[in-house]
Amino acid sequence: MSYLDNILFAILLIAGFGFFASSVKKIIRNIKLGVDVDRKDNPKARWANMALIALGQSKMVKRPVAGVLHIVVYVGFIIINIELLEIIIDGLFGTHRIFAPYLGVVYDVLIASFEILAILVIFAVTVFWIRRNGIRLKRFIHSDLKGFPKSDANYILYFETVLMILFLLMNASDLHLQNVPGGVFHKAGTFPVSQFIAPIFNGLSNELVVLLFEIFWWVHIVGILVFMNYLYFSKHLHILLAFPNTYFADLNSKGKFDNLESVTKEVKLMMDPNADPFAAAPVDENAAPGKFGASDVQDLNWVQLLNAYTCTECGRCTSACPANQTGKKLSPRKIMMDTRDRLQEVGKNIDTNKGVFVPDNKTLLNDYITPEELWACTSCNACVEECPVNISPLSIIMDMRRYLVMEQSAAPMSLNAMMTNIENNGAPWQYSQQDRLNWKNEN
Amino acid sequence: MSESLVVPTMAEMLAEGKQPEVLFWVGCAGSFDDRAKKITKAFVRILNRTNVSFAVLGTEESCTGDPAKRAGNEFLFQMQAMMNIEVLNAYEAKKIVTACPHCFNTLKNEYPELGGQYDVIHHTEFLKSLIDEGRLTVEGGQFKGKKITFHDPCYLGRANKVYEAPRDLIQKLDVELVEMKRSKANGLCCGAGGAQMFKDAEPGNKEVNVLRTEDALEVQPDIIAAGCPFCNTMLTDGIKHQEKEGQVKVMDIAELIANAQDF
Ligand code: SF4
Ligand code: SF4
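One line per chain: the protein sequences are U and V, in this order.
Per the numbering used here, the first sequence runs over residues 1 to 443.
Per the numbering used here, the second sequence runs over residues 1 to 263.
Derived from the structure by calculation, the hints contain no laboratory data.
Just to be clear, a hint being listed does not mean it is correct.
What follows is a set of in silico ranges between Cβ atoms, one per label pair, in the way DEER data are often shown [unchecked claim]:
#, chain 1, residue 1, chain 2, residue 2, range
1, U, 63, V, 19, 47 to 57 Å
2, U, 327, V, 3, 27 to 37 Å
3, U, 56, V, 113, 27 to 37 Å
4, U, 429, V, 113, 21 to 31 Å
5, U, 327, V, 19, 48 to 58 Å
6, U, 429, V, 21, 39 to 49 Å
7, V, 219, U, 441, 37 to 47 Å
Glycine is no exception: its CB is placed at the ideal position from the N, C-alpha and C atoms.
Can you build the whole structure from these sequences, using the hints too?
See below:
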């Protein structure tokens, strides 16, 4: 290879990683638009969660077919990336299979296992494609996935297939060139899969096969860089974010809903018999303008926003949701997708307005998520239980209900009646507190 | 059946200078709902028979605030919580037992941050501990050989991971315990949680309780066991909807245990 190649390669690499870094920066900035919440406690349990759920994929295998195939693609992805290191060094320095002489037999084993994984990945991806497009599993043909989300899922499957095929073709042409009389390439690696592909190069001139090899090699690496930069636009961001997301996930019992500190302060003041009822509320210099609950993404906390970027749109939550199964409009997956879409929109707004958000007369509530969806939730936690990456759609639903009730007094009538009863009688029904023990003497 | 119940209140206990072993938190459903009152009484019957020293708050008890919190009214919830905590702390309550998973969850998980630290247990866990300690013996009685399925209440199961105590109790009755296709962590909600009990459902093509009742009927049980007054109501309505009242009963585990010995 001439120097031109090396320089071109370096430029490509820098551009690829540069773009990627700028997307990552944007994601972090957007996530930080959220309200602060402390998730630094108990690092031991957090690491364990991450190891088990993100790395170990323990929740994936609850649905065995998808789970096992997913593990294949995931392991394939990680391991084949080791190969990437060699590709990068070879590309930068014009070497060829630089690790081979140093690793010896280990190198053979590595290349062989990459090849086997590559073929397994192609198999798994094919099954995934059939599940999405052939047998049309309900959660994949759901209305949440109309348009881009549906193509997004397929693009990734095509991408992965093409990358794996290129990898195998690259190896096959390499092997052919190792074995031609005189050996154009030095002998390195064992090729359990591509040895069966290599014969297609028989009869071609060595120059042509070298050219083909280079084409495969370049398209493969460019493909990887494109794939990496596509992540930002795709639900496939989860391959990175699943790790922080499981680390920062809520560790409490699922039934424990968070306590609103700001409310606690006010209630304590109200209940304090010594407080002067006419005194002005104490002014807290640092207090954010009081807003209860969430009507837009900036009112959510950063973990909820991280959740939105991490959602893989698998729909396991929605398929377990009792409201969704009974035909109600609520879909926890849609709650997550809407949150992400709105967050991206707010992020773009900030980008085009030089770093400040200019109100656009839109909010997550109403423009994306309707009260009808929010009120259909039974808070059963099935969605939280199902999510393979520990996302809680329920926490967003609850924060938005809080906004509806505490800021807008917009609860359904019957709930208002229930709350009035609690206020007046200490029970959700219209019975007097004095009658609480009547059951004792009834028959 | 008409044994008279002894139900001391915390105030009475205090007047006698006594502290009960447990405070029985009855809950709004258990106090006012006609169906749930039967569960309350069944549980008290067991407590009386086993001579457990307990007391209720009686007229000093108030809503835990669970439905208010799930509806999004954090203000109302915290006011209820703080009032209740004041009462509970005044009586120096330590151990609380309740037959309502919603009260259980709120008292256990959401009161501590507001100053209410108690050892809170669901009545199925409490009954199980009575058996383990040899204070309560259970025999199948009239339920022997019956086919029973257990519906996991969301706020007991998924929310707090109590799956085994209710099942252990059912098994003590010499019955055939059959699991629905969705159970334990995968259980389906009865449709009452998150304050849904107090409002009409959003438009859809079915009610959640009907769907859940179908799950239960699929295993053809004689009895659907529940551990929550709200689940009980929802499933009973579901059975009525399917016109199966003649064949299938919905019963709380406390009722199963209390009634096993009656005839
Ligand atoms: S918590 Fe709400 S959104 Fe989640 S599964 Fe239950 S009903 Fe659906
Ligand atoms: S929230 Fe979780 S379960 Fe639901 S679609 Fe997203 S990743 Fe899947």
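Status of the hints after comparison with the structure:
For residue 63 of chain U and residue 19 of chain V, the Cβ-Cβ distance of about 50 Å falls inside the hinted range of 47 to 57 Å, so the restraint holds. Judged by the Cβ atoms, the range 27 to 37 Å given for residue 327 of chain U and residue 3 of chain V is violated: they are separated by roughly 47 Å. In this structure the hint that residue 56 of chain U and residue 113 of chain V lie 27 to 37 Å apart at CB holds, the actual value being about 32 Å. Checked against the given bound of 21 to 31 Å, the beta carbons of residue 429 of chain U and residue 113 of chain V, roughly 27 Å apart, stay inside it.
At about 52 Å, the beta-carbon gap between residue 327 of chain U and residue 19 of chain V stays in the expected band of 48 to 58 Å. A hinted range of 39 to 49 Å is violated for the C-beta pair residue 429 of chain U and residue 21 of chain V, which are about 30 Å apart. Checked against the given bound of 37 to 47 Å, the beta carbons of residue 219 of chain V and residue 441 of chain U, roughly 39 Å apart, stay inside it.
Of the hints listed earlier, those the structure fails to meet are numbers 2, 6, in rising order.
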